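Residue numbers (the working numbering), protein chains in the order written: chain B, 49 to 351; chain X, 49 to 351.
Incorrect hints may appear among the rest.
Note that identical chains are pooled: a pair holds if it fits in a single copy or bridges any two copies.
[To be verified] Quick list of in silico lysine-lysine cross-link-like pairs, BS3-like style, CA-CA up to 30 Å: (1) K254 x K269; (2) K317 x K194; (3) K171 x K231; (4) K230 x K122; (5) K267 x K212; (6) K254 x K331.
Simulated from the structure, these hints should not be mistaken for laboratory data.
Quick caveat: nothing in here was measured; it's all calculated off a predicted structure.
Below are the chains, spelled out letter by letter.
2 protein chains.
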Amino acid sequence: MEKIKLSLIIRVTLFLLTFSSVVCGQDVSSNAVRKTNNQIVKSLVSPEIQSDNKITFRLYAPNSDSVSLIGDWKSEGEARVHLVKDETGLWSATIGPLKPEVYGYTFNVDGVTVIDPSNPLIKRNVKKNTSLLIVSGDESDLYSVKDVPHGTLSKVWYESPSLKLTRRMYVYTPPGYEKNTKKKYPVLYLLHGSGGDEDAWTQQGKAPDILDNLIALGKAKSMIVVMTNGNAKQAAEYGFAPVTPKPEVVVPDAPRVYEAGPFEASLVKDVVPYIENHYRVLKDKNSRAIAGLSMGGAQTHAG
Amino acid sequence: MEKIKLSLIIRVTLFLLTFSSVVCGQDVSSNAVRKTNNQIVKSLVSPEIQSDNKITFRLYAPNSDSVSLIGDWKSEGEARVHLVKDETGLWSATIGPLKPEVYGYTFNVDGVTVIDPSNPLIKRNVKKNTSLLIVSGDESDLYSVKDVPHGTLSKVWYESPSLKLTRRMYVYTPPGYEKNTKKKYPVLYLLHGSGGDEDAWTQQGKAPDILDNLIALGKAKSMIVVMTNGNAKQAAEYGFAPVTPKPEVVVPDAPRVYEAGPFEASLVKDVVPYIENHYRVLKDKNSRAIAGLSMGGAQTHAG
Chain B
49 MEKIKLSLII RVTLFLLTFS SVVCGQDVSS NAVRKTNNQI VKSLVSPEIQ SDNKITFRLY
109 APNSDSVSLI GDWKSEGEAR VHLVKDETGL WSATIGPLKP EVYGYTFNVD GVTVIDPSNP
169 LIKRNVKKNT SLLIVSGDES DLYSVKDVPH GTLSKVWYES PSLKLTRRMY VYTPPGYEKN
229 TKKKYPVLYL LHGSGGDEDA WTQQGKAPDI LDNLIALGKA KSMIVVMTNG NAKQAAEYGF
289 APVTPKPEVV VPDAPRVYEA GPFEASLVKD VVPYIENHYR VLKDKNSRAI AGLSMGGAQT
349 HAG
Chain X
49 MEKIKLSLII RVTLFLLTFS SVVCGQDVSS NAVRKTNNQI VKSLVSPEIQ SDNKITFRLY
109 APNSDSVSLI GDWKSEGEAR VHLVKDETGL WSATIGPLKP EVYGYTFNVD GVTVIDPSNP
169 LIKRNVKKNT SLLIVSGDES DLYSVKDVPH GTLSKVWYES PSLKLTRRMY VYTPPGYEKN
229 TKKKYPVLYL LHGSGGDEDA WTQQGKAPDI LDNLIALGKA KSMIVVMTNG NAKQAAEYGF
289 APVTPKPEVV VPDAPRVYEA GPFEASLVKD VVPYIENHYR VLKDKNSRAI AGLSMGGAQT
349 HAG
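Start from the sequences and build out the full structure, keeping to the hints where you can.
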């Protein structure tokens with residue numbers, strides 16, 4: 049009897065030990081898997097720009113069936129690129145070499161369009177975010193932040209009686225503006241394209257960086273650059289206009305070639321006087337310029 | 049023979065007609081499916097804030113097996129929420145009501161963490177982007193952009209001989225600063241927390257909006273607020289510092305409680321003199337304040 053009892057105890061103990069080791073083993077191993085996943089995501093580099101300007105994109109998606117990406121490098125080859133999954137669940141694709149330029153791209157994971165979770169830099173176009181990729185080199189040199197004197201970029205609110213709004217604009221004052229307190233500067237009014245806003249020339253167009261670099265190279269005069277919001281019904285960029293109880297749906301004005309509308313009137317009546325009253329500005333005709341992209345180009349004619 | 053031939057021709061024709069209608073039918077219907085998908089994505093609203101402050105999140109992901117979201121509303125309930133898929137492939141979940149506040153959240157699609165593709169607003173924390181949700185109401189009233197006079201926010205570059213860098217800081221000048229050209233203002237030096245940068249108090253902390261609102265309510269004096277980058281090795285926010293051939297990996301300085309380091313020295317030697325030389329500033333002790341969050345709080349003691 050005692051022998052049997054002992055044998056039973058031993059067998060039960062062994063069973064429990066085995067059982068607990070299986071349970072604990074599972075727990076430890078699933079924690080380990082989770083840890084490994086987190087480590088993979090944290091150490092993952094995407095996009096990786098290689099020395100020859102080939103670009104490797106990576107996404108850790110072990111449970112996904114299809115990952116592709118689409119970028120605005122049309123002239124450089126296929127916009128859509130299919131990533132390939134390795135045995136750990138890491139998807140990757142290498143493209144290029146791409147010519148030096150600023151690009152936007154998004155991933156498509158099983159049909160869902162998302163930005164690259166490993167890339168903190170964003171290129172926003174109206175209400176759509178894409179991931180930002182800057183390939184450095186001669187052609188993109190002017191819109192990189194370089195070790196040159198930098199101007200000041202200010203987000204300024206001004207009254208626009210013409211549009212019955214308090215509105216936001218960006219004002220770039222060149223390097224030295226704060227120091228040379230007697231000097232007056234020429235002004236460029238720089239208008240964005242359809243769908244853009246007062247942030248577009250800075251965020252997408254890299255205008256302040258280009259100006260810093262051109263001025264440093266002696267290729268542009270030191271100037272003030274005023275970047276307005278060309279959508280007559282908008283006070284400011286989406287998310288930065290005053291919150292009203294029932295926000296109006298804002299539709300950007302359609303381009304009106306050679307026909308002055310409320311925005312053009314406000315530029316002349318509200319913006320130019322504000323700038324000339326608040327900044328050290330040369331007020332003669334030869335020191336005042338206007339330029340615009342797309343819709344902004346049309347507005348320069350209309351204005 | 050002729051009858052047979054005719055029958056054959058008819059049958060071949062019928063076959064070809066059937067075949068082509070099948071092929072064309074497939075094409076038309078897959079185009080229709082694609083169009084419907086695009087329409088669903090374009091018309092999709094997420095997050096949708098209902099009148100009772102319940103929030104509905106939506107993601108169109110017909111090919112995904114699992115969609116959840118995680119948000120920083122810990123005190124308001126479970127951070128992780130599982131979305132449910134309908135027959136069209138649209139996932140959704142409704143949570144709350146949430147108390148008025150600024151929240152960040154991300155989706156998890158089959159294990160991949162992404163921001164909400166339908167939400168253009170982003171809340172960036174160091175190098176991680178999350179989607180931004182602002183629930184309006186009394187408690188969040190101060191950090192909404194309201195129809196009150198707005199100050200100017202400027203991104204200013206200054207020389208820091210102490211740190212051997214040209215660095216960027218944000219300077220908030222209060223409403224009326226440009227108009228009241230004789231008036232001098234008190235200054236608050238506002239320091240960010242560990243992992244932040246000169247953008248943190250504006251992007252995450254909504255400091256300029258809070259100041260606009262407090263000043264409008266008469267609850268804060270009109271003041272200049274200087275928001276520096278507290279990481280002694282950084283010239284500016286990631287992506288906005290000068291591009292060098294081999295960028296140094298930047299590690300934010302650890303908090304040094306009661307021990308002045310290079311950042312604190314640069315604040316006293318470089319930042320304060322720059323501000324006092326370039327802005328209309330009250331220079332007495334009672335008109336100069338310093339405050340900080342977390343690491344920034346430690347730096348105020350050390351400074």
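Q. What are the numbers of the hints the structure violates, in ascending order?
A. 3 and 4
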